[in-house]
Amino acid sequence: MSIERIVIVGTGHAGTQLAASLRQDGYAGAIALIGDETDLPYHKPPLSKAFLKGGEAELQLLRPEEFYVKNRVELMLGRRVAAIGPAEHRVALDDGSTIAYDRLVLATGARPRLPALPGIDLGGVVALRNRADGLMLRAATVGAEDVVVIGGGFIGMELAATFAALGRKVTVIEAAPRILGRAVAPQISEHLAASAVAAGVRLLTATTLRGLEGDQGRVSHVVTANGERIAAQVVVVGIGVLPNQELAEAAGIACANGIVVDRSFRTSHPDIFAIGDVASYEHWMAARVLRLESVQNATDQARAVAKSLLGMPADYRAVPWFWSDQGDAKLQMVGLSFDADEHVVRGESGAGSFSVFHYRAGRLLAIDSINRAADHMLGRKMLAAGFSPPPAAVRDLSVDLRALAEAALAERAAPVIAGA
Amino acid sequence: MTTITFIQPDGAAREVVAKPGESGMQAATRAGVEGIIGECGGSCMCATCHVEVAPQDIGRLPPRDDIEQEMLESILTDVPEGSRLCCQIKLVPELDGLVLHVVEIAG
Ligand SMILES: Cc1cc2nc3c(=O)[nH]c(=O)nc-3n(C[C@H](O)[C@H](O)[C@H](O)COP(=O)(O)OP(=O)(O)OC[C@H]3O[C@@H](n4cnc5c(N)ncnc54)[C@H](O)[C@@H]3O)c2cc1C
Ligand code: FES
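Sequence order for the protein chains is R and G. For the first sequence, the UniProt record's numbering begins at 1 and goes up steadily by one. For the second sequence, the UniProt record's numbering begins at 1 and goes up steadily by one.
Pulled out of the complex, with its shape left as it was, chain R reads as follows (with noise of 0.2 Å):
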């Protein structure tokens, strides 16, 4: 059968650089990308930076308008989809239009999480994820002196940060013992977290919370469960988020944690696909299964599933990187550092300016730096290449890294002779 119609739900990164490659890739059939927020589809990670900073700053696009056009993308704004019939390769709308399609991507992102505390419905509490978020967020903030960001993870880093140049007195609660622990090397923590600290932040590890405390509707302190009252009138919760899979559990298609898809994203049905922060798959990296919540990973997803899409090879082997602006902290990430064994550290963490190269049994699995955009750019080409630089020489900043790894990946290419 071939494919004439391919529907996208989801208007954010993954969906919208879907509906590009398709085109890119030469599809020449309909596309409709359809997504429940009104906003021509737009870039997320400013929201928790200058998209709070100007007063009216405004979206910045992933794309003009005229692309959609041009590219003759159906997009449909506003529109929730509400069920997916597989056996009739159609989805129906809130309103209770259908649309039929060959080849349906679920592209449905994720969610924040919220803790189940007394008083998280008070009025002043948000939860960022899109535009909706960020204006009530913005507006929450005229006028308010105290902010308390629940959770100190990207999220809930970067905006303490953006709050604290703003002025705003910013309480950080994390309830494990270091911010970003699951993410980032200790000694990452520990720099964002002294970066945090010289910007006037308050970062309360180690700390959970019994409840929030309002006035008339509205937030007024958080109480930790030692019992200390802080004050604030904006409260945030970034303690992660849930996958979008809700579409697709109804329709029976298998989620665990996310949408489960196969190395061309495929779900359970097999005309049916599931991309970017929604997805849950084997990364050829890890060799576990896991979601990863990022641009990269959607964008780089939306690209192989058009691949896949269009019946073209579409192995799916890039490597993930992720970054992080936290104020005039800049971390980058690249590789998954799940399984490190050893941790090895270039350049000086006190000089703020030093990457950690984690490794397992000898193989480098990822690199995250600060300041140090070299040993990034160089991580991305030596992951991809499954290029392991020796600890001893990451370790002594007189090697030059780049050239060792240029060097030994020219000896790879280079022809083996026979018999030699």
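Think of the hints as simulated: they come from the structure by calculation, not from any bench. The structure displayed is predicted, hence computed values, not measured ones. Treat the hints with caution; some may be incorrect.
[Said to hold, decoys possible] Facing chain R, according to a computed beta carbon distance under 8 Å, are these residues of chain G, among others:
(1) Q26
(2) R30
(3) S43
(4) M45
(5) I58
(6) P62
(7) P63
(8) E73
(9) S74
(10) D78
(11) V79
(12) E81
Every residue gets a Cβ at the ideal spot worked out from N, C-alpha and C, and that includes glycine.
Position chain G with the ligands relative to chain R; hints supplied.
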């Protein structure tokens, strides 16, 4: 008002009027300039906003910061003087008339 010109590898030119505070990448993506993608939204992470500044304009720009420099060194063997990631170029009024050549992304 800051008007800048993007020139494609085939010579086609496109003038864009920047909004106050915009970067070169933001102006280009808003106007739909081919070849400027801005995938990382301007965080100096993706190099999909790579341009070559016209020789006469190189001296008008503030120098690259360390991250931009290292990113460029990573994608190019030799970094020509005019190579820039245009998400890092803030289009202040003094840059009116700036000419940027869109270059194909290495790698
Ligand atoms: C504040 C913030 C800062 C971030 N910073 C960074 C960063 O610095 N670097 C980085 O790499 N990543 C960052 N991220 C993460 C990045 O934005 C996500 O990984 C990315 O948006 C994932 O893209 P996606 O298309 O999978 O999902 P999304 O962008 O979430 O898009 C999914 C879309 O689908 C819609 N949708 C869901 N269900 C339905 C339905 N049934 N019908 C119709 N539409 C539906 C949603 O409303 C949403 O618009 C940040 C995220 C946030 C929120
Ligand atoms: S937009 Fe990504 S580096 Fe410029």
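Hints, verified against the model:
| no. | hint | in the structure |
| --- | --- | --- |
| 1 | Q26 | holds (6 Å) |
| 2 | R30 | holds (6 Å) |
| 3 | S43 | holds (5 Å) |
| 4 | M45 | holds (5 Å) |
| 5 | I58 | violated (22 Å) |
| 6 | P62 | violated (17 Å) |
| 7 | P63 | violated (16 Å) |
| 8 | E73 | holds (7 Å) |
| 9 | S74 | holds (3 Å) |
| 10 | D78 | violated (14 Å) |
| 11 | V79 | violated (12 Å) |
| 12 | E81 | violated (19 Å) |
The structure is inconsistent with the numbered hints 5, 6, 7, 10, 11, 12, although it conforms to all the rest.
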